[in-house]
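So the sequences go chain by chain: X and E. Taking my numbering, I'd label the letters of the first sequence as residues 16 to 376. Taking my numbering, I'd label the letters of the second sequence as residues 727 to 799.
Note that these hints are calculated values from the structure, not bench results. Every value quoted in this text rests on a predicted model; they were computed, and no experiment measured them. Treat the hints with care, since some could be wrong.
As the list claims (entries may be wrong) - Chain X side only, calculated, beta carbon under 10 Å to chain E, not exhaustive:
hint, residue
1, L132
2, V133
3, L137
4, M139
5, D185
6, D188
7, I282
8, S323
9, I342
For each residue, glycine too, the CB sits at the ideal point set by N, CA and C.
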Amino acid sequence: MIQTLRRVFLTLLFLSVSTSNTFAADDAEGAQEPVIDVMGTVADHDYFKVPKFINGGKLYLPRIFYWETAEGEAKLSAYASTKKALASDEFIETDEGAIVPAGGGSIKVDLSITSHLVYFWLGMGLAVILTIMAASRYKKGIGRDVEPKGAMQNIFEVLFVFIRDDVARDNIDAHKADRYVPFLFTMFMGISFMNLFGLLPWAATATADLTVTATLALVTFVITQFSGTKDHWAHVFWFPGVPGWVRFILTPVEILGLFTKPFALAIRLFANMLSGKIMIIAILGLVFIFADLFGAGAGFGVGIFSVSLTVVLYALKVFVGLLQAYIFTLLSAVFIGMAAEDHHHDEEGYHTEHIAEEVSA
Amino acid sequence: MGLLAAGIGAGIVALGAGIGIGMIGKSATESIARQPEASGDIRGAMILTAAFIEGVALLGAVICILLALGIGQ
């Protein structure tokens with residue numbers, strides 16, 4: 016039973032989404048590598064996927080290594096592609112597919128430009144370009160002296176005002192909020208574009224990579240800590256208004272809390288984008304499982320169901336992509352707001368604002 | 727065994743997230759019905775809370791995927 020389940024599951028994972036290639040591989044070579052496997056589709060690569068008629072579907076990206084030779088000499092080498100790096104005789108490929116220096120030694124930092132990094136740049140670049148385009152219009156007075164012109168500027172204004180009013184000003188103290196709007200807006204636009212890029216054919220979702228989301232969360236973490244007020248640090252290290260011994264429990268918990276917030280931020284975005292991709296591949300993979308188990312007719316029948324479900328999932332993924340960008344931005348704003356909040360405590364440790372409200376009531 | 731654990735784990739993750747988000751949805755709709763003028767604020771709080779639950783659930787889901795694919799063995 017478990018064996019059968021395992022076989023079904025593995026078939027699901029490794030069957031190609033591309034029909035012609037699957038059958039060619041099954042007939043001719045048999046034990047050829049799968050053309051598209053699930054993890055391969057969501058993983059980072061050293062090439063940029065393009066339509067098949069350009070260079071066989073792969074545009075190789077540069078590899079840059081900071082490495083140490085066997086003699087302990089530090090070297091920075093750059094190659095146009097993985098093939099060029101291997102052809103230079105300085106690097107060899109291991110059986111697991113990792114690149115290591117040929118004459119011993121080790122790679123210290125792999126600075127290679129990967130497909131996810133390219134999509135990260137594309138997403139952020141598009142956000143910057145759109146913002147600069149809109150800003151130049153506002154400089155000319157369109158949108159200030161007269162009403163905004165065109166669909167682009169109107170959508171931009173709606174999004175910007177939404178981030179400024181509903182995200183920044185609602186969660187961060189009023190006199191500080193506007194300082195964080197550029198950061199929050201960049202995050203929102205950049206993450207939205209990165210999420211939506213994943214829905215285009217041949218493209219990759221940069222945010223379905225933990226390293227990308229962890230970097231974004233790290234930026235939030237650094238900004239949160241640098242905008243922390245005296246009260247924020249007092250809450251972390253010397254919680255006001257509690258008996259002394261409780262602080263021995265509260266301080267470690269609060270310090271841990273500083274790090275779990277960005278960690279959860281990174282995992283949430285990563286897992287949402289990854290699970291969306293895997294779900295689509297799994298549902299499309301059902302076609303090939305049924306074709307494999309019950310013949311081509313069953314595969315065709317399931318195909319009608321699978322493909323229509325995938326279309327619905329795609330629409331859902333557009334929504335989820337924007338929602339996750341909003342949630343990332345909103346939580347960033349909430350965390351910054353919690354750290355940057357000015358409030359005062361009296362000797363008893365009560366928040367003075369609350370006292371004032373009680374007195375007035 | 728890894729596959730079995732992943733399957734059971736994914737089921738429990740879905741169960742927990744479903745109960746959690748269901749309870750948020752229940753109380754949010756009740757509050758909106760009671761106070762329709764506050765629906766904007768309630769919706770914002772609802773999305774925020776649901777995001778927290780979703781984050782934990784997806785963390786579980788990722789671990790199930792890793793188990794199923796045998797990564798880390």
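X:L132 as chain E interface residue, shortest Cβ-Cβ below 10 Å: At about 22 Å, which exceeds the 10 Å cut-off, the nearest Cβ of chain E leaves the hint on X:L132 violated.
Interface hint status, X:D185 versus chain E (Cβ within 10 Å): Where the cut-off is 10 Å and the nearest Cβ of chain E is about 8 Å from X:D185, the hint holds.
Hint status (Cβ of X:V133 to nearest Cβ of chain E, threshold 10 Å): Hint on X:V133: violated, closest Cβ of chain E at ~24 Å, above 10 Å.
Interface hint for X:I282, Cβ within 10 Å of any Cβ on chain E: With a closest approach of 5 Å, the X:I282 hint holds.
Residue hint X:S323, partner chain E, criterion CB-CB below 10 Å: Because about 23 Å separates X:S323 from the closest Cβ in chain E, which is outside the 10 Å limit, the hint is violated.
Status of the hint placing X:L137 at chain E (closest C-beta pair under 10 Å): Not OK, violated: X:L137 not within 10 Å of chain E, min 25 Å.
When the least beta-carbon distance from X:D188 to chain E is tested against 10 Å, hint result: violated, 18 Å
Chain E contact restraint on X:I342 - CB to CB distance below 10 Å: holds, 4 Å
X:M139 as an interface hint toward chain E, with CB separation required under 10 Å: Given a least distance of 23 Å, the restraint on X:M139 is violated.
Of the numbered hints stated above, those contradicted by the structure are hints 1, 2, 3, 4, 6, 8, listed in ascending order.
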